[in-house]
Amino acid sequence: MKSVMLCLVTVLVFLLPHSVLAKEDENTIAQTWQELEDLSDQSYQFANNGQYGQIDDLLKNFNKKWSMLVDITPIPDLDQRIITSSLNQARQTIKSDISDKQKKRNVVQLRLAIDAIESDSNPMWKILTPKVMKYANQMQNSVEKKDWTHFQHQLNLFLDQYQTIYPAMMIDQNSDQVEQVNEKVDQLSNNRMTIRQDKDSVKKLNQLRQDLQAVFNQKTQQSYSQIEWIPIIYISGGILITLLLISKLRRNPKAIKRKLIQKGKHV
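Numbers -22 to -1, 1 to 245, taken from mature numbering (1 follows the signal peptide of the UniProt record, and there is no 0), label the letters of the sequence shown in order.
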């Protein structure tokens, strides 16, 4: 009996430090996600006010936090590449002479991509999908009416919205299916000046709409968080769009870890 008790005590003594360390890791992961969200939110707010000088320091800090997170929790390679690419693009564009609209879009792309990893059933990028479908429908209508000027205008609006959510879609949805859609979008953009000579243009646009809707309709895993919606105005293509950024999530680090592990099995 004494030997059994001794064994139990020994096991408890061995497991207790590991349990404490695991809890500390979970808390660190949750805190780091919160810091990444806060940094990306602040970056957007500065971008929206045209204060690009302050964004560089925020994104440098973001890069440090992201690197630390990658070291302590499993994140699929594809997700890592997308976040790193979005981060680098945002840092490069805020220092360049491109339009303010492009700078803001790149910062929003990063914010949506981070949220796509964190969120399950309520990712922010899906808020913009009705606009994407609206412009896709109007593009097809313009081609059917042979209104090429209107088509070019609607295509610009469509590309602006689509490119904003594309990195987040790659993280959140089936990446192979998203890539197939993206190839069709690239073809449409590259052939925009010769579309009037394409006898199958209406058919191709209709297929693109169906493929987009299929991607948008994909179900995600059950949400683990209670959310608070904060309206932030995102200016795109001369139109005010209310982008409801999900913030102040009550994170469950175990749920985040489960989602990342499940994603890793399907990569």
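Keep in mind that the hints were calculated from the coordinates and are not lab data. Using N, Cα and C, we set each Cβ at its ideal position, and we do this for glycine too. One should not assume that every hint holds.
[Claimed, not checked] Pair ranges (Cβ atoms, derived):
1. GLU122 x ASP16: 40 to 50 Å
2. ASN39 x ASN100: 19 to 29 Å
3. SER99 x GLN9: 45 to 55 Å
4. SER99 x GLN12: 11 to 21 Å
5. ASN100 x ARG187: 21 to 31 Å
Status of each hint after checking the structure:
The given range of 40 to 50 Å is respected by GLU122 and ASP16, whose C-beta atoms sit roughly 46 Å from each other. For the hinted restraint 19 to 29 Å between ASN39 and ASN100, the CB-CB distance of approximately 27 Å keeps it satisfied. Range check, SER99 to GLN9: Cβ separation about 23 Å, and the 45 to 55 Å hint is violated. About 20 Å separates the C-beta atoms of SER99 and GLN12, a value consistent with the hinted range of 11 to 21 Å.
A C-beta distance of roughly 24 Å is found between ASN100 and ARG187, which places it inside the suggested range of 21 to 31 Å.
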